[in-house]
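One letter stands for each residue in the lines below.
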Amino acid sequence: MAASPEAPELSRKDFVTNQDVRWCPGCGDYSVLANVQRVMPELGVPRENFVFVSGIGCSSRFPYYMNTYGFHTIHGRAPAFATGIKITRPELSVWIVTGDGDGLSIGGNHLMHAIRRNLDVQILLFNNRVYGLTKGQYSPTSALGMRTKTSPTGSIDHPIDPITFALGSGATFVARTIDVDASHMQEMLKRAHQHKGTAFIEILQNCPVFNDGTWEELQDRKSRTETALVLEHGKPLVFGAPGARKGICVDHGVPKVIDVSDDQAPEAQGVVVHDENAPPSYSFALASLARPEFPLPVGVLRETEKPCYEAMVEDEVQHAIESRGPGDLRDLLNSGDTWEVEG
Amino acid sequence: MAASPEAPELSRKDFVTNQDVRWCPGCGDYSVLANVQRVMPELGVPRENFVFVSGIGCSSRFPYYMNTYGFHTIHGRAPAFATGIKITRPELSVWIVTGDGDGLSIGGNHLMHAIRRNLDVQILLFNNRVYGLTKGQYSPTSALGMRTKTSPTGSIDHPIDPITFALGSGATFVARTIDVDASHMQEMLKRAHQHKGTAFIEILQNCPVFNDGTWEELQDRKSRTETALVLEHGKPLVFGAPGARKGICVDHGVPKVIDVSDDQAPEAQGVVVHDENAPPSYSFALASLARPEFPLPVGVLRETEKPCYEAMVEDEVQHAIESRGPGDLRDLLNSGDTWEVEG
Amino acid sequence: MGAVNDGPADDSHPRKSVTEVDHVAIRFAGDSGDGMQITGSKFTDTTALFGNDVATFPDFPAEIRAPAGTLAGVSGYQVHFAAEDIFTPADEVDLLIAFNPAALRANVEDVRGHGMVIINSDAFNKKSLQRAGYTDDPLPGLRERFNVVEVPVTTLNREALQGLALSSREVDRCKNFFALGLLLWLYHRDLEPTARWLASKFKADVLEANIRTLKAGHAFGETTELLPTSFLVPAAKIEPGPYRNITGNAALAWGIVASAVQLDKPVFLGAYPITPASDVLHEVARHRNFNVKTFQAEDEMAAASSAIGAAFAGHLGVTVSSGPGFILKQEAIGLAVMVELPLVIVDVQRAGPATGSPTKTEQGDLLAALYGRHSQAHLPVLAPATPGDCFHVMLEAFRIAVKYMTPVIVLSDSYLANSAEPWRIPDVESLPRATVSHPSSDAAESFRPYERDAELLARPWAIPGTAGLEHRIGGLTKAPVSGNVVYDPDNHEQMVALRYQKIEGIVRDIPPIEVNGPDRGELLVLGWGSTHGAITAAVKGARERGLDVSHAHLRHLNPLPADLGDLLSRFRRVLLPELNLGQLSMILRARYLIDIESFTKVAGQPFKVVEIQTKIEQMLEESS
Amino acid sequence: MGAVNDGPADDSHPRKSVTEVDHVAIRFAGDSGDGMQITGSKFTDTTALFGNDVATFPDFPAEIRAPAGTLAGVSGYQVHFAAEDIFTPADEVDLLIAFNPAALRANVEDVRGHGMVIINSDAFNKKSLQRAGYTDDPLPGLRERFNVVEVPVTTLNREALQGLALSSREVDRCKNFFALGLLLWLYHRDLEPTARWLASKFKADVLEANIRTLKAGHAFGETTELLPTSFLVPAAKIEPGPYRNITGNAALAWGIVASAVQLDKPVFLGAYPITPASDVLHEVARHRNFNVKTFQAEDEMAAASSAIGAAFAGHLGVTVSSGPGFILKQEAIGLAVMVELPLVIVDVQRAGPATGSPTKTEQGDLLAALYGRHSQAHLPVLAPATPGDCFHVMLEAFRIAVKYMTPVIVLSDSYLANSAEPWRIPDVESLPRATVSHPSSDAAESFRPYERDAELLARPWAIPGTAGLEHRIGGLTKAPVSGNVVYDPDNHEQMVALRYQKIEGIVRDIPPIEVNGPDRGELLVLGWGSTHGAITAAVKGARERGLDVSHAHLRHLNPLPADLGDLLSRFRRVLLPELNLGQLSMILRARYLIDIESFTKVAGQPFKVVEIQTKIEQMLEESS
Ligand SMILES: Cc1ncc(C[n+]2csc(CCOP(=O)(O)OP(=O)(O)O)c2C)c(N)n1
Ligand SMILES: Cc1ncc(C[n+]2csc(CCOP(=O)(O)OP(=O)(O)O)c2C)c(N)n1
Ligand code: SF4
Ligand code: SF4
Ligand SMILES: [Mg+2]
Ligand SMILES: [Mg+2]
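Listed in order, the protein sequences are those of chains A, B, C and D. Counting in our numbering, the first sequence runs from 16 upward without gaps. Counting in our numbering, the second sequence runs from 16 upward without gaps. Counting in our numbering, the third sequence runs from 3 upward without gaps. Counting in our numbering, the fourth sequence runs from 3 upward without gaps.
Incorrect hints may appear among the rest.
Said to hold, decoys possible - Quick list of in silico lysine-lysine cross-link-like pairs, BS3-like style, CA-CA up to 30 angstroms:
1. B:Lys28 with B:Lys205
2. A:Lys211 with A:Lys237
3. B:Lys237 with B:Lys250
4. B:Lys321 with A:Lys271
5. B:Lys28 with C:Lys128
6. D:Lys18 with D:Lys217
7. C:Lys205 with A:Lys211
8. C:Lys217 with B:Lys28
9. D:Lys217 with D:Lys205
10. B:Lys321 with B:Lys237
11. A:Lys150 with D:Lys542
12. B:Lys150 with C:Lys239
13. B:Lys28 with B:Lys211
14. C:Lys205 with C:Lys610
15. D:Lys542 with D:Lys239
I should point out that these hints are in silico values taken from the structure, not numbers from a laboratory.
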């Protein structure tokens with residue numbers, strides 16, 4: 016959607032509402048909000064064309080703080096509400112905000128179906144690996160063994176990986192970013208917006224109250240160089256501090272970490288070059304790299320093209336109108352076998 | 016579960032109920048029923064320990080025809096009912112029967128969660144790529160463009176692949192078989208039963224009434240040699256008629272079909288050797304091989320070990336009893352701050 | 003006779019006698035695969051075209067296919083046609099045509115004494131009798147009670163189709179049209195409408211075969227000595243105008259399409275298939291040239307949620323389901339109540355509880371519609387009385403939804419859904435229109451999302467894309483005008499009251515109740531929904547026999563018409579027949595403290611006229 | 003004073019006067035992070051231990067954390083303690099301790115005229131007053147209406163903790179215990195129970211800090227001239243025996259655990275977290291050594307379904323939720339009705355509709371519990387009256403579920419869930435026991451899954467693993483004895499009737515209604531659930547003033563007690579206060595055709611005693 020020429024320049028402040036922001040001090044949600052508010056003016060979309068749709072959870076309070084159209088719906092169903100909005104008004108820029116509980120516990124089905132239909136919407140999944148709003152129960156992304164009020168001796172639920180789940184559901188755009196990394200997140204948000212089709216972003220988010228430090232080694236700038244694999248299309252899979260860089264290569268089908276010397280291009284040393292458009296099995300392999308042996312990929316794991324759902328719905332209507340003309344109610348009521356009773 | 020020594024030998028007929036089987040003539044569900052009834056006596060489980068749990072759909076009528084314990088529940092929720100059964104009675108052999116609509120449309124979330132928790136149950140998903148019971152609407156596995164009453168100009172829903180969905184959900188056992196291939200199906204059923212953890216089998220099933228021939232080229236014995244890639248652990252990925260065999264190799268990370276000469280072992284010609292226990296990205300790559308360039312894999316795509324959910328629940332209880340002794344109600348009621356009001 | 007039957011008359015057979023009768027009810031019964039629904043509906047169309055009043059009752063097995071020849075697989079279609087006004091498909095049939103022993107067994111008890119039973123004698127053998135559960139041959143016994151006519155339909159059909167390039171399975175599949183031809187002869191009906199329909203559906207040899215056997219059946223009637231008399235039901239004196247047959251589901255679908263036209267707003271229908279509601283989605287999907295988008299959702303939660311999303315975006319949102327699917331939508335409906343968006347929720351009720359009997363009828367969801375959400379979540383509830391009324395009720399539902407900014411529930415049922423009735427095609431000009439307005443950017447300064455219309459108490463429907471009206475809605479308790487989230491008890495209580503008053507205020511749109519019969523007296527029979535036909539017929543019959551009884555039928559179940567309490571008080575007794583355990587009865591008793599007498603049936607079947615008639619007689623005897 | 007406070011008395015201060023009073027209500031109020039809930043509950047424990055009757059009311063913001071210092075973030079805890087029987091946390095408080103201006107603003111209107119208001123004067127500055135929405139300093143005005151006592155709590159706490167190795171944030175976090183120490187002094191209460199509790203929770207410096215500031219607060223009371231008088235509320239004369247404090251949620255959890263013991267069957271609890279019900283799951287999860295398995299399901303449909311699965315497998319299945327989650331279970335509950343398996347469904351009601359006000363209370367789900375499923379799906383509904391009663395109601399619910407093979411709904415609410423009351427610990431021997439039996443393989447020949455007990459109409463509970471009893475159940479309409487799937491209308495009607503009669507038959511287990519006051523007369527106040535306390539207090543007060551009013555409270559809401567109609571008819575008027583728009587009232591009016599007068603409040607708050615008392619007085623004035 017290009018900005019209409021007369022549209023006034025928007026700034027971050029145009030996207031701030033007058034409501035008190037009600038997250039705990041230090042919550043990762045604040046930085047996501049700030050980044051979204053910062054990116055919005057750059058997208059060339061008139062403010063009135065943005066719609067934020069959320070479910071229920073701390074993260075799902077998001078729409079109240081965005082000075083756009085917003086709908087705080089019910090637990091787990093935000094993708095379904097968004098589907099109705101996007102199908103009927105394809106020109107709107109629809110953003111879904113959900114949590115690991117909202118999107119993957121009660122809402123896993125709608126998430127899967129939105130993704131497979133490839134509706135042109137953005138999905139931001141705030142993954143703090145805990146139910147924040149209901150005060151700290153484990154979630155479907157919580158690590159095995161996590162002690163919470165519902166798992167006093169440690170969680171026994173094998174966690175689901177949002178990224179492999181999205182890929183398994185046929186996602187056309189899958190990315191991961193970190194609450195504290197503002198510039199990376201902004202880039203991901205822009206990429207998601209550019210993508211035609213469902214753009215799924217997992218945002219690693221800290222909940223200082225109920226799951227503090229769950230992503231610590233990825234949030235910490237220093238350790239992040241070792242623990243995060245920052246993906247860039249066409250660039251080799253390298254990580255680690257300069258001078259001690261490492262790379263990922265594939266040896267007889269098995270991924271391995273190797274030391275990369277600075278003397279030579281990493282590609283030349285056998286390091287795999289990231290290709291966002293590779294078949295999904297490549298992204299799946301990236302997403303499944305075991306930790307802590309391997310770093311965690313952040314960035315765009317996959318992007319590909321597929322027709323968008325709302326456009327195909329629109330085609331159905333246009334096709335019907337073209338082939339049969341605009342509907343005439345009188346004709347419809349009088350179609351088929353009718354008869355006249357004389358007075 | 017070993018058969019108790021005194022248990023009488025069971026035969027196929029012991030698993031047949033006195034109810035009329037109410038599927039349409041020629042429905043693929045008949046052969047699945049026959050194969051299941053044939054395999055049951057060989058599993059060494061006393062008949063009374065089998066429980067079949069289903070949702071709603073033609074396929075979900077299955078339990079009525081099995082002379083075991085059975086529960087025909089509500090649409091999409093069979094995995095959740097089965098979870099309650101298996102957690103409370105881990106000694107039972109619990110089989111979930113579901114359809115592509117039941118399991119993947121309304122029931123996708125429960126399927127995902129059962130799979131990720133790795134409950135020790137078997138899930139048979141009858142995939143006829145249509146809603147049979149409600150008379151022929153397209154389903155989440157229907158091909159794009161399929162014309163049905165709800166898609167008069169062709170379905171616009173990108174289909175979901177049950178296998179990649181299961182793998183994306185962290186499945187520990189994933190297999191595919193075909194309704195008409197009795198011996199293969201029986202083998203898959205036995206393998207599923209042997210597996211400790213959630214065993215997911217997609218069964219390609221024909222619905223002669225609403226989607227006849229949807230798997231035709233895989234059901235037909237002759238074309239099947241070309242269209243199906245029969246997987247066997249430790250065996251190379253070859254297909255095609257003897258004399259004109261082909262194999263799958265990987266060239267710089269890209270899968271390819273090559274001609275395989277009979278003179279040399281296929282492995283030696285670069286054909287990939289199937290490994291059920293490889294990392295999930297291998298099975299995902301197998302499952303994502305594009306068709307019709309590649310054949311469709313049937314057999315066990317993946318098997319791996321992970322602790323089973325119901326066993327961990329049992330451990331929680333045992334651990335609680337060991338560490339605190341069996342619960343005493345009087346002690347509980349009198350725990351913490353109490354006081355005595357004198358008479 | 004029409005064009006297809008105009009060969010030279012064969013005079014070698016004696017002319018048969020013709021008996022004129024006022025009304026006739028016939029039932030086609032056979033295996034699910036025998037095409038009974040098509041046969042019945044073609045007979046209906048022809049009869050209606052001729053000018054009779056018609057009522058039908060299709061009755062088919064649960065969605066699953068049963069083994070051929072078993073009771074579970076029997077499918078039936080009853081047609082009642084008359085030279086006078088009729089209101090139901092009739093309690094008993096004058097003629098049953100049974101394609102196999104199971105069809106005979108499942109239906110013969112509904113044939114009136116000395117009625118006619120035509121059987122396909124080819125299908126009666128030891129094995130098929132056994133499959134139907136007969137241990138002895140039933141025919142000798144039946145011959146004493148009925149006029150049993152044995153026609154070798156299978157054989158005659160095969161003979162008629164000799165020489166065509168069809169498989170024997172294809173040939174046998176045509177035999178229902180042989181039977182149809184025979185019955186069209188028996189009741190002096192034209193073959194032409196059926197022939198025309200066949201020509202629009204089939205091609206080449208299949209078309210040829212069906213037409214041939216249709217004519218053969220007709221010719222067989224003319225020549226056979228088994229049927230000495232034919233029957234003529236003269237055209238009825240019904241209101242002049244254009245007519246068509248319509249089922250309740252088709253009328254719902256067309257009502258949805260018509261709402262897009264009459265409110266000049268695009269429609270979004272989100273639905274998940276479920277018996278007996280799926281046909282509404284099927285039918286709407288055929289009319290996308292009316293600016294209607296249909297969405298087959300992954301489940302009912304998504305169906306309802308997507309429709310609410312569409313409403314937020316400014317479309318007419320609607321969702322259609324049946325019992326089990328309907329209750330899954332309650333959480334989303336509760337949200338629609340809270341955010342005060344227009345939405346129409348259709349529940350085509352079926353027999354329960356649980357999965358129950360998916361193809362059978364019941365009025366069991368009224369209380370769930372009114373009270374099935376947690377907390378206080380009031381909304382209007384409407385119920386159509388006849389298949390054709392489904393069309394008008396849909397228009398009314400959308401009108402209320404957008405005028406009052408509220409979700410509205412429409413309760414149809416399986417009986418209305420599948421029954422057909424001749425329907426006077428409404429003049430499009432006469433249909434209600436309305437213009438829906440959305441606040442524009444000009445109002446940006448003063449816009450408050452929960453500022454209400456002073457009279458209607460409706461809030462404004464501001465839609466995304468309107469610059470300056472950006473706002474947030476959601477399910478949390480909110481402050482009256484601003485809609486901001488609040489936790490203040492007074493705000494909460496005030497909003498509960500406002501929403502309640504808004505719905506109660508809809509009463510101003512409800513016309514006075516029409517009473518069929520005197521508006522005071524001994525006994526009022528009150529009904530709602532699909533019991534309309536049976537009550538009308540029973541009351542008409544009773545009044546004709548001089549009994550002091552009236553009938554009123556409620557279309558608005560919430561809020562209730564303002565004059566209802568007064569009406570009830572003008573009768574000494576009130577009878578309320580319902581296909582549930584007394585749900586509306588409970589509401590009215592609580593509200594008016596009047597001893598309404600509930601009369602219930604929960605058998606998956608509509609009331610028979612005689613059941614209500616007997617009850618009326620009983621009550622009036624007690625009173626006298 | 004107890005062990006922790008036995009230093010030498012400091013006689014340099016004048017001895018203060020002590021006033022003896024009958025009852026006192028105090029409220030702690032501060033920011034969500036200020037520890038008000040802990041402070042309040044420790045005060046409660048101490049007071050109860052001393053021998054007062056106690057009632058509490060915690061009131062905290064919706065689950066989300068609000069910005070510090072704002073109205074939205076205020077958390078309160080009210081304690082009412084007395085030398086006599088009390089039934090509610092009191093309408094007004096005698097003392098408010100406010101930790102910041104927002105807490106003052108949100109609560110001060112609940113302080114009785116001339117009551118005491120203690121503020122943390124350190125927290126009162128321009129900025130914090132603004133955050134609370136005060137434009138002017140409120141204190142001058144308040145000083146005229148209340149006895150305002152300004153204590154620099156933050157400063158005094160910091161002083162007391164000097165020298166400890168704690169961060170300043172950690173130090174400030176202790177200040178609630180300073181305040182607690184002060185109030186314990188003010189009401190002559192022991193520090194020891196709190197000190198003991200602290201010792202069980204904290205270690206090292208944090209423990210030391212909390213104890214020190216607790217004592218400092220106490221000492222401050224003894225020395226400050228701001229508080230010339232302390233108050234003594236003598237122990238109450240209550241029924242002798244062992245006591246403890248218990249909240250409704252804890253009692254529900256223990257009731258679940260106790261059911262495993264008393265019915266000698268393992269329990270399976272399937273639940274999905276939701277406010278205010280989550281604590282039940284939390285508490286049960288702590289007691290897995292009682293042969294209890296807990297399952298945190300992916301959603302409520304899975305929670306209910308898994309519990310039904312567990313019941314099929316032979317366990318006691320239970321599921322716990324609140325409004326929005328409860329209604330998502332209705333489809334599964336309908337199946338449980340159809341397959342007739344025992345199951346207990348707990349709904350801890352909260353204020354709605356939609357997400358509503360998740361931490362506030364309401365009785366809005368009664369009609370949804372009774373009628374929220376499609377079709378006719380009857381089941382028993384019970385409601386506890388007090389926190390402690392939650393325990394006994396759970397036992398009763400399981401007893402009914404297994405005896406009659408039926409799902410049972412228990413309706414608690416947010417107020418019961420979080421309020422604490424002194425609870426007479428039941429003697430385990432006196433608790434009802436029952437043995438549940440499953441048919442064994444010996445019965446294989448004659449076993450029919452739907453053959454009913456002749457009296458109770460319950461079907462047998464045959465469980466997997468029993469050789470010879472293999473059978474299938476499901477949601478389709480079934481034949482009476484065999485349970486085979488059928489489509490026959492008569493079978494359907496018969497099963498609907500049988501299930502209905504079975505539930506109605508439970509009436510035989512319901513004891514006669516106890517009436518508090520004469521069992522006939524001018525006015526009966528009828529209640530159910532958590533309104534018990536307010537009604538009891540109001541009626542007691544009114545009777546003490548000589549008014550002719552009685553109170554009866556319903557625990558069984560379906561079926562209703564057999565003697566209810568008779569009871570109602572013995573009073574000239576009946577008042578029914580409910581925290582909804584009149585739900586039980588509607589049911590009783592419909593059933594008994596008695597003009598029950600509904601008195602409603604839907605503000606997310608319990609009734610105040612005075613509201614009911616005023617209503618009673620009004621009604622009796624009208625009558626006289
Ligand atoms: C139907 C329903 N069930 C349960 C809840 C309670 N609930 C609200 S939010 C939530 C989980 C939120 O977790 P997540 O999505 O991870 O969000 P977070 O608070 O961590 O941001 C739950 C269980 C609800 N609101 N509605
Ligand atoms: C809550 C609910 N919604 C909808 C239905 C209707 N329904 C029954 S089965 C079915 C789809 C079945 O498809 P599938 O699982 O593929 O089974 P098949 O009949 O093809 O074997 C639907 C939509 C229902 N029974 N319950
Ligand atoms: S509970 Fe956690 S996720 Fe929720 S607002 Fe607080 S810090 Fe953020
Ligand atoms: S409709 Fe299709 S899937 Fe269902 S029973 Fe018939 S053939 Fe089988
Ligand atoms: Mg979370
Ligand atoms: Mg299917």
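Checklist entry - So which hints don't hold here, by number, going up? => result 2, 7, 8, 10, 11, 12, 14
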